[in-house]
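Novice: Each chain is listed here by its residues.
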Amino acid sequence: MRHVTRLRIGPIGFRIGSDWRGPIAALDDLYRDYPKPDVPDFNVHLFAARPWRRVFRPSVHIGGDFVIPDAAPLPLSMGLLAAEMGMNLQMALGQRRYLLLHASAVERDGKALLMTGVSGAGKSTLAALLMARGWRLMGDEFALVDPASGLIHGFPRLISLKNEALPVVEAALPDARFGEIMEGTPKGTLRHLVPNARAIAAMAEPAVPALILFPSFGFAAEEREVMPSEAFIRLTQASTNYVTLAERGFDALTRLVQGVPARAIDYPNTDTAIAQVERLWRELA
Amino acid sequence: MVRDARLLTDALRDPSSTAALDANGWTALLAMARAEQLIGTLAHRLDGLPMPEAARRILADARASAGQGRVAALWEAEMARRALAPLDMPVVLLKGTAFVAAGLSAGAGRQIGDLDILVPRERIGEAEAALLAAGWEWVKPDPYDDAYYRRSMHELPPLIHRERDRMIDVHHTILPLTARVTPDAAGLIADACPLAKGLAIPSPEGLVIHAAAHLIADGDLAGGLRNLWDIDCLVREYSEQDSDFCLSVYEEAHRHGLLPAVERAFRLTKKLYGTPVKSYENPVRVILQPRASDALYLRRLLARDGWGRQTRRITRFAFYLRGHWLRMPPLMLARHLWIKWRKGDRPVS
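Protein chains in written order, with the working numbering: chain A, 1 to 285; chain B, 1 to 349.
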């Protein structure tokens with residue numbers, strides 16, 4: 001491929017190749033403090049379906065070691081988003097070492113807080129705000145459960161902030177590095193936030209899972225205990241490789257829900273949510 | 001600079017050749033092995049050799065994954081066995097599932113997708129009804145595709161199990177009905193080697209001939225490196241028990257009209273993997289001298305770059321046409337390709 005970069009996020013190495021310079025330049029800028037793997041775990045290809053589409057109405061197709069057929073291409077202005085989607089896709093379809101949970105994770109005192117929920121529940125936003133308050137960000141998209149140890153490994157890629165979360169996080173982290181604002185993406189207005197230096201420096205350090213939260217945004221403040229049985233079912237739905245890992249996945253998830261308390265929290269605004277999280281952490285973790 | 005998938009075939013043929021690879025070489029090797037669905041096989045071949053730590057972890061994952069795939073494939077075979085047991089008909093496992101069910105070296109690390117079985121043609125309707133009753137469903141909703149399979153192909157339209165999400169291909173012979181060669185399917189079933197509990201696998205010769213037929217006499221050679229690796233493993237393993245195993249394969253292949261396909265497959269696998277295939281003057285004359293056209297096949301088989309992407313579009317398109325040419329007579333071919341094109345199929349991208 002014409003333009004290439006490599007980067008490691010948590011324990012996972014990527015090589016990204018592109019027919020255009022733009023997406024690689026954006027990655028090299030925003031991921032400049034990340035280590036570079038010698039032999040990557042996964043490859044991502046950003047390519048033009050036909051040679052002339054490099055130049056004429058360029059559209060970025062996402063490929064790699066693992067692909068979904070008929071994935072819609074993105075305009076070149078969203079090349080960085082295409083690269084991020086390509087990396088996520090490799091993880092979702094190809095990860096076999098760790099049980100992959102679609103969850104954000106932050107760490108304090110060697111212990112991890114996991115937050116999972118549907119798109120729009122506030123996983124990324126809460127993780128970014130907790131990072132602003134001194135927690136170590138482990139990741140806003142995937143948390144990796146090691147079936148051998150039960151520990152959580154982080155995946156602190158760029159934090160993907162959407163729509164109304166953008167001004168909230170920009171206000172909380174005025175000195176942070178952000179990517180370009182992308183309007184009209186499949187998920188609305190989107191902007192990437194670079195994790196802080198501490199999150200990057202400690203990204204290879206796993207943590208002991210201590211609390212699982214299922215946040216829901218847009219409701220009056222409320223809390224509810226989630227029993228291990230319900231947590232188990234919800235986390236199987238939040239995992240892309242639970243079925244593929246078979247017995248190892250079952251054992252890892254059973255161990256997680258039996259050993260770690262879980263709560264569902266509803267919240268009307270982020271200040272309320274942060275207060276709920278800090279209090280539950282003091283009581284339970 | 002990596003030119004083609006020779007890097008991968010060399011690593012499989014001679015694992016110690018990987019000692020010379022740098023980080024970029026390993027990156028390319030792993031990408032190609034994934035693309036050719038040979039990464040589990042490669043992981044087994046390279047087990048215990050020195051390599052970069054990252055490569056070791058990737059291959060350890062691939063080995064674990066293949067181990068899980070083996071369990072799932074055997075379970076799927078057992079599910080089909082239970083569904084078909086009341087019919088008391090011979091059920092012959094084919095391809096990857098047959099290799100792992102019989103513990104053959106070709107099954108070590110092999111990626112297994114669908115379950116392929118062979119049943120007697122006159123009883124395929126019963127098999128279909130029993131599978132539908134046991135939870136399998138149609139995959140192809142398109143009436144043209146469905147009719148095409150039933151009229152022209154060597155198998156039922158693919159079925160998928162609604163709970164386990166696994167596909168089964170129910171064959172009644174090993175080449176399309178419209179192909180110019182007509183193998184003796186009843187003979188393959190009659191000569192099959194029984195396993196436990198009513199399942200069977202083809203005879204050793206049958207396994208090799210099916211692999212060669214699938215690769216050379218049908219289709220466009222996609223996934224051919226894995227197919228040839230299967231043949232390499234089968235020939236090595238069975239030749240240890242019978243030094244004239246190749247001769248038995250030639251005699252049996254001749255009976256099925258598949259001797260040319262077997263000869264071609266043997267020449268290619270010898271070239272790529274150094275398979276100990278033998279030439280004979282008597283009682284059949286099979287001289288495995290390389291032919292000029294083999295170079296074209298190798299060009300197609302090795303068409304991968306260091307990112308695991310397919311290369312050599314024109315060569316691949318030529319083999320796509322050849323595959324269809326073998327599959328059906330010219331007029332039927334023209335009609336078929338026209339209909340597929342109108343439905344939006346584009347053979348080579």
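Derived by calculation from the structure, the hints in this document are not laboratory data. Bear in mind that the values here come from a model prediction, so they are computed numbers and not experimental data. Please note that the accuracy of each hint is not assured.
Unchecked claim - Just a few of them, taken from the derived set where beta-carbon distance is under 8 Å, the chain A residues facing chain B:
no.: 1; residue: GLY17
no.: 2; residue: ARG97
no.: 3; residue: ILE181
Glycine included, C-beta positions come from ideal geometry on N, C-alpha and C.
Novice: Evaluate each hint against the coordinates.
Specialist: Status of the hints after comparison with the structure:
| no. | hint | in the structure |
| --- | --- | --- |
| 1 | GLY17 | holds (6 Å) |
| 2 | ARG97 | holds (5 Å) |
| 3 | ILE181 | violated (31 Å) |
Hint violations for this structure: number 3 only, all remaining hints satisfied.
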